[in-house]
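J.: The chain contents come next:
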Amino acid sequence: MAEQTSPPAIRTPPTASTAPTAPTAPTAPAEDKADSAVVRDALAVGVAVGLSGFAFGVTSAGSGLSLLQTCALSLLVFTGASQFALVGALAAGGNPFTAAAGAFFLGVRNAFYGLRLSQLLALPRFVRPFAAHWVIDETTAVTLAQPSRRSARLGFTVTGLSLYVLWNLTTLVGALGAEAIGDTDAWGLDAASPAVFLALLAPMLRTGTERAVAGLAVLLALGLLPVLPAGVPVLVAALAAPALLYAQGRKARRTAKEDAR
Amino acid sequence: MTVWIAIGATAVGCYLVKLLGLLVPAGALERPLVKRLAALLPVALLAALTAQQTFSTGQHLVLDARGAGLAAAALALVLRAPFLVVIGAAVAVTAGVRAVGG
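Heads up: the sequence lines are chains C and H, in that order.
Every letter in the first sequence is one number past the one before it in the working numbering, and letter 211, counting from 1, is 312.
Every letter in the second sequence is one number past the one before it in the working numbering, and letter 65, counting from 1, is 66.
None of these hints come from the bench; they were simulated from the model.
Some hints here could point you the wrong way.
What the hints assert, rightly or not - Distance condition first, Cα-Cα at most 25 Å in a straight line; then the derived SDA-like pairs of lysine to any residue: (1) C:K358 <-> H:R32; (2) H:K36 <-> C:P230; (3) H:K36 <-> C:P343; (4) H:K36 <-> C:R312; (5) H:K36 <-> H:L20.
In isolation and in its complexed conformation, chain H is listed as follows (with noise of 0.2 Å):
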């Protein structure tokens, strides 16, 4: 039952304010400041989200084989790899490992 909780209140609220980007004037969210920290918020959770799922399990800090995974996802971006060769390449690596290191 959480977990509906939680889905129906993250597609109301992520509804919501795509809704609202359409439907304000034009200009009321157009601050400089505002629109700065529109932009860096996503910069700031998915950084702590990606660390956060490479580097932990329950509330533990682990380094396993995620930790290889990712490094090859970046490896991947910094090469200009398409996103599905991205996310291919932390898939395998992981896997990889794993299969290795038991």
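Just chain C, same shape as in the assembly (with noise of 0.2 Å):
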């Protein structure tokens, strides 16, 4: 998915007292919401994401994947920044265990908003491993935004269910569409990925911490491009992560001893 809502900065759905309410909510608590108020903000977020799939169809056919490929990767790895990542990988010749190991790594995150999820919606062992294919960070942010487990659970399958469908179908229409277009280049639509990119990351540059890593991963990923084999640079510019955080640690050691004196 191409997931312009990354959970910490939720601006999806409107909260419960935005939405009208229905003639049935004098008897219900009052931090609850009606089923009618919770499908509209998973169709939105569903519907408004789902189209841009069409843009990673028209990449990854762009990139030189066949139909069936495109396809089959947005019907099975399902978590749009690591489709993306992946097939920019394969155009730019990597070997396919170094293609992997990037996107895989962009989709460690789903396993944390499994952790809240799993809290929150309560679902039944036997549900689970179907349920794990749509925890993404759209479902993830409407399911957090709703006050109760009914709700939570209504928006977290209404989001995941739209979502899937229409992600699929653009999916499916982007690659034909450029199969007709040709040179999908003269259209700039190898700037798409990149601007997904870019979309993604910008609501996490929230502090200094995070530009940092930001800033250290680029100099890292394009000052090692021309001497590392392809696909390599970008998991060795992944080490930002834990080296800012390493310096971070040593740092506020330093200062706790030097307080201490």
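Hints in hand, dock the two standalone chains.
T.: Next comes the structure, spelled out in structure tokens:
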């Protein structure tokens, strides 16, 4: 998915207070939310983001992947940033495992979404393997914004379903379109993928720490690009995250020691 | 064939981390350092990918129409444009610069 909503900066669904109150509302607890309002919020996210599957379909087909490969990615991987990263790395000539590693590390954040969601949704064990496929940025953002377990489950299901169906349909349309267009670069479509990454990155750059990590990662990725095999510089650039945490930890310890003196 | 290997590895890996989050007991991954790292890892990867896909072709650093497209996307982001508008701006400006500059 083209994750426009990174959960810490939830900006998608309006809260219960802005939703028009359904006729049944007086009997419901004050913090509960009408089902129709939940469905509407979830659909808004699902449809808006689902449409951007078109950009993925075009990018993937333009990178030389077949129609079947492009659709398989959206059906089976279903986490947008990882999909864009994988086709980008393959197009640059990276070996399949380096390319998959970059995509995998981008997908690791979904594990942390799952942690939050499993508490909120309290799904039966046998449902979890199915629900897991939909644990992504958007479903997490919508679910975390819900006031009750009932609306959380409803929001998760509606967002997941609408997004999954649309993302796959638009992927197919985009891939077919790219084949019809021929030279996708002439249409500027090779700029879609980095623009998606930038749009995902922007809301994450909240403090100096995030900006420093991003800056260091850019330097590493571009500096190492000419000297390391394709795909590897991005993996090395990921080390900017632990490197900065380590540096911060050292600084914090040193300051603590000086304060103690 | 190598493409299918990459697709298979990515699909399995990405599914397993999603499932892991739902299955492990709460608290197992809740250590502050682990959470900080999980939040910063996508920042590093997305920044690296943005830079690389904008300023390189193969193993060469280049500055071309994509740079202008990305600048347009950045401007759209600053103006709080919707997601699809940001992508559209990058594509349109890149195509425009190519059409003008050849």
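J.: Hint by hint, say whether it matches the structure.
T.: Results for each hint:
1. Of the supplied pair hints, the one linking K358 of chain C and R32 of chain H holds, its CA atoms being roughly 24 Å apart against a limit of 25 Å.
2. The hinted pair formed by K36 of chain H and P230 of chain C meets the criterion: a straight-line CA distance of about 23 Å does not exceed 25 Å.
3. The hinted pair formed by K36 of chain H and P343 of chain C meets the criterion: a straight-line CA distance of about 12 Å does not exceed 25 Å.
4. About 17 Å separates the Cα atoms of K36 of chain H and R312 of chain C, which keeps this hinted pair within 25 Å; it holds.
5. At most 25 Å may separate the alpha-carbon atoms for a hinted pair to count; K36 of chain H and L20 of chain H meet this at roughly 17 Å.
The structure shown violates none of the earlier numbered hints.
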